[in-house]
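Engineer: Here's the letter readout for the chains.
Protein chains: 4
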Amino acid sequence: MKNGATEAQVRAVIDEIERMGYRGVPMPGAQRTAVCIIGNQQPVDGSTLLAMDGVKETIPVTKPYKLVSRETRPDSTVVIVGDVKIGAGEPVIMAGPCAVESEEQALTIARLVKGSGAKLYRGGAFKPRTSPYSFQGLGLDGLRILDRVRKETGLLIVTEATDSEHLKAVEEYADIVQIGARNMQNYSLLRLVGHISKPVLLKRGFAATVDELLMAAEYIVAEGNSRIILCERGIRTFSDNTRNTLDLGAIPAIKQLSHLPIIVDPSHAAGRRDLVIPLSRGAIAAGADGLIVEVHHDPAHALSDGAQSLYPAQFDELMKDIARLRQYLARS
Amino acid sequence: MKNGATEAQVRAVIDEIERMGYRGVPMPGAQRTAVCIIGNQQPVDGSTLLAMDGVKETIPVTKPYKLVSRETRPDSTVVIVGDVKIGAGEPVIMAGPCAVESEEQALTIARLVKGSGAKLYRGGAFKPRTSPYSFQGLGLDGLRILDRVRKETGLLIVTEATDSEHLKAVEEYADIVQIGARNMQNYSLLRLVGHISKPVLLKRGFAATVDELLMAAEYIVAEGNSRIILCERGIRTFSDNTRNTLDLGAIPAIKQLSHLPIIVDPSHAAGRRDLVIPLSRGAIAAGADGLIVEVHHDPAHALSDGAQSLYPAQFDELMKDIARLRQYLARS
Amino acid sequence: MKNGATEAQVRAVIDEIERMGYRGVPMPGAQRTAVCIIGNQQPVDGSTLLAMDGVKETIPVTKPYKLVSRETRPDSTVVIVGDVKIGAGEPVIMAGPCAVESEEQALTIARLVKGSGAKLYRGGAFKPRTSPYSFQGLGLDGLRILDRVRKETGLLIVTEATDSEHLKAVEEYADIVQIGARNMQNYSLLRLVGHISKPVLLKRGFAATVDELLMAAEYIVAEGNSRIILCERGIRTFSDNTRNTLDLGAIPAIKQLSHLPIIVDPSHAAGRRDLVIPLSRGAIAAGADGLIVEVHHDPAHALSDGAQSLYPAQFDELMKDIARLRQYLARS
Amino acid sequence: MKNGATEAQVRAVIDEIERMGYRGVPMPGAQRTAVCIIGNQQPVDGSTLLAMDGVKETIPVTKPYKLVSRETRPDSTVVIVGDVKIGAGEPVIMAGPCAVESEEQALTIARLVKGSGAKLYRGGAFKPRTSPYSFQGLGLDGLRILDRVRKETGLLIVTEATDSEHLKAVEEYADIVQIGARNMQNYSLLRLVGHISKPVLLKRGFAATVDELLMAAEYIVAEGNSRIILCERGIRTFSDNTRNTLDLGAIPAIKQLSHLPIIVDPSHAAGRRDLVIPLSRGAIAAGADGLIVEVHHDPAHALSDGAQSLYPAQFDELMKDIARLRQYLARS
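Chains as they are written, first to last, in our numbering: chain G, 5 to 336; chain Y, 5 to 336; chain L, 5 to 336; chain P, 5 to 336.
I should point out that these hints are in silico values taken from the structure, not numbers from a laboratory.
Some clues are possibly wrong.
As the list claims (entries may be wrong) - In silico DSSO-like cross-links for lysine-lysine, where the CA-CA straight-line distance does not exceed 27 Å:
#, chain 1, residue 1, chain 2, residue 2
1, G, K172, G, K67
2, Y, K89, G, K172
3, Y, K6, Y, K67
4, G, K324, P, K324
5, P, K123, P, K67
6, Y, K67, Y, K324
7, P, K324, L, K172
8, G, K89, G, K60
9, G, K118, G, K67
10, L, K324, Y, K324
11, L, K67, L, K155
12, P, K324, P, K118
One chain only, chain G, in its complex shape (with noise of 0.2 Å):
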């Protein structure tokens, strides 16, 4: 739509793609609004929308997702949740354990990574696990705690969501809602999150390509939740120097297809802990725009993941080291 496009414009464009058939997805920008036409298999011929009042121009969009792509939106998303903006240029840091364990582990290790800067408190509640014998974390208790830790501490919570059953509850008590890499194609789920109040930490599949990643989070735009943060975290390749491959070009890949922000997951990707701060390092300095990062004040009586978790004060040298990169990356 052109600059200063009224919204009886906007409604009107949707109703005549509706009379086409298709669906109308309005994607305002901080300058114009676009309109997406989704539901077409094949290209659409636009002249009766040229001809209508307020529009611009007509895009056909070439890669197989249209909502998350750069093409239909220049402008970055930012993701706004509490008082801290993610895609805004600034990293932004959430950490914490793998898995909520106690209301004593979970408030030690948030006060802990509070005091070395963090915003975000990550934790697990509902915890998929290879084994059915594993530790498959607290549930709703898991939940209680978190929300004990943000009114304690003020960190914002980001937990995982593994099916439908606990979703409501998981939306009503997380600040942002994660979808395992193990669901990024768990499309009902997709629909389902869809729908949610939050915003969305969309992990890649270990396996999956950037374009299965994009698809997955053009499933939960579709649905009308556009508040979703992208999660590099290392995929499943031969190399066994990690546990999986940090995928570092898919940061910039992903920054030039969508317009969502991507953050990386170093702990999942290197598996072990003294590879998590230069592979943090490497992420922002690819541009990342941020990170989620497993922190344990005692790894080895750890639940899950102990191998991976940073000690605290190794977080917070990271901290230390992100803020240094990050007037690097001012002067960029």
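Fit chains Y, L and P to the given chain G structure using the hints.
Structural biologist: Quick look at chains Y, L and P alone, frame taken from chain G:
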């Protein structure tokens, strides 16, 4: 338990295991019943159990999975559905379209594959698709069409459940409920199919190891459903002559590790029609218990996976091929 | 060229191609001779050639390789060595130890595999090893032992050349010169074996695509040696139940793309003895022209690859298996 | 050996090792000299050695490589060539075209990269190409042009040797001899460069693990040349947003395992110009000792790798970027 141990003796062992703080799951075999201890994080001292009546020996299981392990149950599991036995030596062929598109399409193909000798019919009513804009299946209407297919042709029905919402309906209409590759680590769904009354066809994720596949099966058996058919359908690699790379070695490897039957999906492995028959031959010769093959009478107009669907005449040739191979195998 | 084109006509076409600034390579087939144009960066205008005597048609080749392409030469190449025909329909089995360790070891195994029906003997004198501290083969002494094996048993010898320095000696002693997976893109070596008088067994690199394998073969044929046997030996993937993942689909894919024969090395694909037979069966059933299999009479004390070497009794069983499969294939 | 052990003492230890049937290789460090035992298949009893004059301790090395291991030599190796120190803390940038195409092209680019601050010039005279019909480099003429570049600009020359035939000439003209990714396991060539007088830039094979890369370096050091610079250049995976996937974690992993410097080739990892700068930033921030970057003044007409070559203005920007990052790193 010893040969001839009574039900009361088995019961007593289970009670004792529960007194120890674990769960005991009976695994009846052709000769004897095994009782599996689950829930222990560390090795269990079996001396008390050994002293009980009817107990023959205690065997520590070295694999992360127990219930699906051949260490626990040396006899191969045979999954019986209708008059078909899967895992009993004779290769079982499941065939049909990728997706149910209409009653006419479904019935046309059903009659053709039945004519060639198939006893099971595959066809998706709920389709997990990478793009939200691709055909997603006919849903409940698709299930009703599949019901028609069974009634008209007598073919048994294999169809996929993608979420908890529609699982009940799929369970009702299907003879075998398929869990697709993308949902192999959807643990909530796995737990739910652990409670249904139908056998489960569990496809290997395209980036899952064999151990991860067996752990996924373990989730289902741990909930009580031990009628599982595993399915190798190709893994994601750099190799680009097929859509996925059929992991032929997984077939004999799984036969060693687990008592569950394993079939192969050559259509998704190949991604192209002309390689389906050579892959099928290779899979059967390497010991697969069966195949699940896509067949379409008009693949050029198929709503999904047309490029990899066999023409009915090719499927007929494949069935003859397999019959000949069966003779070869019978003499091996 | 037309059926019955004279040598002078072929010569004239080659001269004309050279006048155009390219190279013309004659490819004699069962019925007709093709003349391949190489050295062109862009499509060539064939009108002058079409007007010449004896020319039937000009066919643009769409693949990056030409000489090895089935587009250029529809008839399958049969590589004849001694009284063995590779690629003529009957699977050819090459067997022997990974490395020649001593005359006694080499002869013992040779007599055993001959007794089971093998006609070709494999055994390395020059071994490319990941560690400089591992056994590197007996070198020239190993070649002399292989010569003894041939004289005593009549088996034909397949052995590897690893560099230009020893190529002359390997050419002299071998009936088939093997180029190993690690040297598949050692283009200097490929060019050199393009000039030898013996057939070449070219193994696929463990991370090479099928197109790259065919380009490597093209290097050899472009230098004048068209007696090439390709070999699939497994690719490097994340899957960990075998040392490499046998790319079964590569067999029929190569059959379509190229006229060269393709055999399979199940030993290096499996990396473990117990999977060699199932992989062998699968490979032959999928259309491989033969196998190259490691056999050792005392694998526990083998200086390399003991874990994947068959016991002689297993090899005997495999030979019987393949004979039965051959009957099945004959009827297909 | 102890701090201040005499040469005679070191000599005596080596002699004793040889009496034991192994080889002793002295590894002089900043403080002390280590003597490495190679050729043993099993642990060695060090008691005799411990009793000798000047011996401080014996350390069993747990890795399959020894000479390149940081266990053997805790101090980082600094490779000095001209006035450039690689591995001394300051990132070293090597830049130039993929291939030398003409004197004019080579000199034009050399002056540009020198103007931006590069001290080393990369350019191939011998090019390993997938297709025998692609431009294979200017060969000896290319080396003479590189000599001109050095004389005119003072830049040091990095160029590849692809076989034994031309190694002597490459050694003569190059300041650093590159071994390409495809030749990383060409052990004959590795042994030969173990005897040259110039440092070696050893690129990781695109499907090699870090251990395999270090074993390849071990081959070179075992022959006597310990001036090796390792190079990570991306690995082959399923991910398709870059030509290869840069294995960022390999940088810190190698720093831990080995004392050798490690640089990164962002051009071959990316395969596309627009991702070279983000990958370069990430690599330096993660701890790489330098970069080797492709630059071309007219990439649209480059005879190879044009799509991934930076424009000179982009390279200039990259050099400024790295200078800023260096300041950040200096404070870390």
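Engineer: State for each hint whether it applies.
Structural biologist: A quick look at each hint next to the structure:
1. For the hint linking K172(G) to K67(G), the alpha-carbon distance of about 33 Å lies beyond 27 Å, and the restraint is violated.
2. Of the pairs offered as hints, the one joining K89(Y) and K172(G) is violated, with about 42 Å between alpha carbons and a cut-off of 27 Å exceeded.
3. Annotation: proposed proximity of K6(Y) to K67(Y) holds, straight-line Cα distance about 23 Å (limit 27 Å).
4. For the hint linking K324(G) to K324(P), the alpha-carbon distance of about 23 Å falls within 27 Å, and the restraint holds.
5. The suggested pairing of K123(P) with K67(P) is violated, with an alpha-carbon distance near 35 Å, which exceeds 27 Å.
6. Pair hint K67(Y) plus K324(Y) does not hold up; C-alpha atoms about 39 Å apart against a cutoff of 27 Å.
7. With a C-alpha separation of about 53 Å, the suggested pairing of K324(P) with K172(L) is violated against the 27 Å cut-off.
8. Between K89(G) and K60(G) the alpha-carbon distance is near 31 Å, which puts this suggested pair outside the 27 Å criterion.
9. Restraint check for K118(G) and K67(G): the C-alpha separation of about 41 Å exceeds 27 Å, so the hint is violated.
10. For the proposed pair K324(L) and K324(Y), the alpha carbon gap of about 23 Å is at most 27 Å, so the pair holds.
11. Of the pairs offered as hints, the one joining K67(L) and K155(L) is violated, with about 43 Å between alpha carbons and a cut-off of 27 Å exceeded.
12. Only pairs whose Cα atoms come within 27 Å are accepted, and K324(P) paired with K118(P) is accepted, the gap being roughly 13 Å.
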